[in-house]
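**Student:** In the order they appear, the protein sequences are chains A and B. Taking my numbering, I'd label the letters of the first sequence as residues 1 to 149. Taking my numbering, I'd label the letters of the second sequence as residues 150 to 262.
Wrong hints could be hidden among the right ones.
Claimed, not checked - With a straight-line cut-off of 20 Å between C-alpha atoms, the simulated EDC-like cross-links for lysine to aspartate or glutamate are:
| hint | chain 1 | residue 1 | chain 2 | residue 2 |
| --- | --- | --- | --- | --- |
| 1 | B | Lys237 | B | Asp219 |
| 2 | A | Lys102 | B | Asp219 |
| 3 | A | Lys102 | B | Asp180 |
| 4 | B | Lys185 | A | Asp101 |
Said to hold, decoys possible - Reference excerpt, derived from the structure (chain A facing chain B, CB under 7 Å, subset only):
| hint | residue |
| --- | --- |
| 5 | Val104 |
| 6 | Gly105 |
| 7 | Leu108 |
| 8 | His135 |
| 9 | Pro138 |
| 10 | Thr146 |
| 11 | Ser148 |
| 12 | Thr149 |
Worth flagging that the hints you see were computed from the coordinates, not collected in a lab. Note that the structure is a prediction, hence the values are computed from the model and not measured. Where a beta carbon is used, it is the ideal one built from N, C-alpha and C, also for glycine.
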Amino acid sequence: MSQSTTVFAACDVSIWLDDINGTPRDISGSSNSVTLNFDHEIGEYTSFGGRWPNRLECGKDAAFDIVILYSLTANEGADIIIDWFFTNIPGPRTASFYFPDKDVGSDLFRAEVLIEHWDVTGGSGSGDPVEINVHLVPTGEVTHTTAST
Amino acid sequence: MKAYRALKPLDAGGRGVVPRGEATPLHWLNDEQIRKLEEVGAVSEIHAPPLSELPLSRTALTKMKKAKVDDAIWVLMATDAELAKKLKVREGTAGLWKSEVARLLRVEPPHRG
Chain A
1 MSQSTTVFAA CDVSIWLDDI NGTPRDISGS SNSVTLNFDH EIGEYTSFGG RWPNRLECGK
61 DAAFDIVILY SLTANEGADI IIDWFFTNIP GPRTASFYFP DKDVGSDLFR AEVLIEHWDV
121 TGGSGSGDPV EINVHLVPTG EVTHTTAST
Chain B
150 MKAYRALKPL DAGGRGVVPR GEATPLHWLN DEQIRKLEEV GAVSEIHAPP LSELPLSRTA
210 LTKMKKAKVD DAIWVLMATD AELAKKLKVR EGTAGLWKSE VARLLRVEPP HRG
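Kindly produce the complete structure, drawing on both the sequences and the hints.
**Tutor:** Here it is, written out as structure tokens:
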């Protein structure tokens, strides 16, 4: 059995999000967790005489959760997210997620996304950094390519 | 001249996306970066026979022989205008012949089960 030699950790995952001017910004240095959720709509049916269900496949969907470190510097994750949300009509922006890093050969997931939810919680007795949990949903197709630049 | 077949869709930044199956010169990458793409199964080098070995039309083969064009990869990577100038034919004709070369060299990418 051959053993994989390309397994990786998430240390160098690269996350890019457009700023208000449509310029992609690297927010990896101001975030520390990302979850990409993918769903496939599956319907099922059975018919008389059948014992096992049949299934039909149709739409796909995704959602992206990012944990951002709350900082005050312009064009870091928090600044982009908060500015975006408080724009009168936030609109879609491009989000790109590179695994395991932004080098050639990495997996790249990219989509136009809308900001659906974000929350921030602070505890008076905690020394932990304040984090912003962001939930993004794509509008249109999510693409999966291999980074070649 | 080298060319590569995209076995996965490639994000080429400002150059857009190279779709699966399409030939690309990858001229913006260095050897090490191309090797990385080969390692992850994203591209494979296209090894093409001489044009004279391809079942092209007699007219096309004659024109190419006359212009001393025998590198299928060069034909594949040339623009229609470059090819037309070299072969002394109209751009539309050059484009058709290039498409035919591309069709003859194309193989289906491996199925990812």
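**Student:** Work down the list of hints and note, for each, if the structure agrees.
**Tutor:** Status of the hints after comparison with the structure:
no.	hint	verdict
1	B:Lys237 x B:Asp219	15 Å, holds
2	A:Lys102 x B:Asp219	39 Å, violated
3	A:Lys102 x B:Asp180	18 Å, holds
4	B:Lys185 x A:Asp101	13 Å, holds
5	Val104	4 Å, holds
6	Gly105	4 Å, holds
7	Leu108	5 Å, holds
8	His135	25 Å, violated
9	Pro138	16 Å, violated
10	Thr146	4 Å, holds
11	Ser148	4 Å, holds
12	Thr149	4 Å, holds
In summary, the numbered hints that this structure violates are 2, 8 and 9.
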